[in-house]
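Q: Protein chains in written order, with this note's numbering: chain H, 113 to 324; chain F, 559 to 766.
There's no promise every hint is true.
To be verified - Short derived list, chain H residues pointing at chain F, Cβ under 8 Å:
1. 123
2. 149
3. 150
4. 153
5. 154
6. 158
7. 164
8. 167
9. 168
10. 172
11. 178
12. 185
13. 283
Hint data in this document are derived by calculation from the structure and do not stem from the laboratory. For each residue, glycine too, the CB sits at the ideal point set by N, CA and C.
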Amino acid sequence: MKCVEFERVLPEYLEGNYLPAQQAHLQTCAACSNLLADLKLISEQAKSLIASHEPSPALWNALEERLRREGLIRQAQPSGFRLRSFSSRWRLAWLVPVAAAIAIGTVVKLHYPMKAGDTQPVVRQESIPAPPAKPISSEDLQLLTTVAERPPAQRAKYRANLDDANSFIRDAEQSAKQDPSDIFMQQMLINAYEQKQMLYDLAVYRSEPGEQ
Amino acid sequence: MRPKKGNLTDATKLQGDKLTEREAIERAKQGDAEAFKFLYDLHKRRVYSLCLRMTGNTASAEDLTQEAFLQLFRKIGTFRGESAFSTWLHRMAVNVVLMQLRKKGLPVVPIDEPTEPDEEVTVTKEPGAADERLAGSIDRLELQRAVDELPPGYRTIFVLHDVEGYEHNEIAGMVGCSIGNSKSQLHKARLKLRELLRVNRAEKAMKR
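Put together the whole structure using the sequences plus the hints.
A: This is the structure:
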C-alpha cells in the first residue's frame with residue numbers, strides 16, 4: 113500500500129475499520145504513522161473545548177428581562193439577589209476600585225507589551241509561575257471574606273471560580289509572554305482579566321457566582 | 559448523540575439548595591424565576607462555548623446563547639422528558655447557530671466541488687520522508703486558535719463531531735448534507751487543523 117492509498121482510507125481507519133494492508137503500511141511508514149497520531153491527538157484534545165468559556169453576567173440579566181417581558185417568568189417578585197438592600201451593596205463598595213484596578217491593569221499591559229526578561233507582572237496576584245500551594249492574594253482574600261456569610265456551597269463556588277480565573281490568567285500571561293506580538297494571546301489575556309473582573313462584579317451586585 | 563461526551567452527570571446531580579434539574583424544569587414550566595436561573599447556570603458554559611466555537615465571535619456567541627435559551631424557555635412547557643434535557647437544549651442551540659450562519663450566507667458545510675490539486679487539503683511529503691509530529695501534545699489555547707482559523711464550513715463539522723460528540727448521521731440531518739460528505743469534510747477539517755497548528759508553531763518559534 114502506498115501513502116496516497118493509505119490517506120484515502122484514513123477516515124475509515126480512524127473510525128476503527130482496520131485492514132491488514134493498512135496496518136502493514138503503518139509499520140513501515142513514519143510519515144503516515146505520524147499523521148495518524150496527530151489526527152487522533154487533535155480529535156481527542158477537541159473534547160477540552162466543550163465547555164471552556166463563560167458568558168458575561170450581563171447575558172443572564174438581558175435574558176431575564178426578555179423572559180419577564182414575554183411573561184414567561186410569572187413571579188411577581190424579582191429573584192433574590194435583586195432584593196439586596198442598598199446598604200448591603202454599599203458594604204461591598206470596596207470591590208469596585210479593585211475591579212477597576214484589574215481593568216486598568218489589563219489596558220496597561222496591552223499598551224506596554226512585555227519584553228524578554230520582564231518579570232514585573234501588572235497585577236501582583238497573578239505572577240508567573242503559579243506557586244504550587246496556590247497562596248491567595250490580599251484582594252482575593254478580601255473578596256472571599258466578603259462572601260463568607262453566604263451559604264457554604266456559594267462560598268465554595270466563589271473560591272473555585274476564583275481559582276479558575278487565576279489559572280486562566282496565568283496560562284494566558286505565560287502564552288502572551290512567550291510572544292508579546294501575538295494578538296490572539298492578548299485577546300485571551302483580556303478575556304482572562306474580564307473573567308476575574310466578572311467575579312468581582314458578581315460579588316458587588318449579585319448574591320451568587322457563575323455556577324456550572 | 560454519544561452520552562460519554564455530554565455533561566449529563568452535572569446536569570442531573572444535586573446542586574446548591576438541593577434543587578434537581580428535574581424539579582427545576584417543572585418549576586420553570588410554572589414560570590419560576592429561580593428555576594430558570596438554575597437551568598441557565600447549569601448549561602450556560604456548554605451552550606456559550608458551542609456558540610463561540612461555531613461563530614468565532616464573542617458578541618455573536620452571546621446573542622446566540624440568549625436566543626437558544628429564550629427558545630428553550632418558550633418551549634419548556636412541551637418538554638416531556640423523553641430525551642435528556644441537555645440533549646434537547648444543545649440540539650436547539652446548534653439549530654439556532656446554523657440558522658444564523660445560513661442567514662449570514664456562510665456555508666454550514668463545505669460544498670463538495672472539484673478543486674484544483676493545490677486547493678485540496680492533503681498531506682504532501684517526499685516518498686519515505688518522515689513528517690514532523692505535533693510533539694505529542696496540544697494545549698487548549700493553541701487548539702482553540704486553530705479552530706477559530708478554520709473556514710466556517712470545516713469548523714461547523716469539526717465542532718459538531720469532535721467537540722460536541724454528534725454522530726455523522728445526526729450532523730448530516732442537522733446541516734443538510736450526506737453522511738459521506740460529513741465524514742470527508744471532517745477529515746479535511748482535521749488535516750487543515752494539523753496544518754494550522756504546525757504553521758502557528760513554526761511562526762511562534764521564528765519569533766523567539
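Q: I'd like to know which numbered hints this structure contradicts. Please list them from smallest to largest.
A: The structure conflicts with no hint, since it agrees with every one listed earlier.
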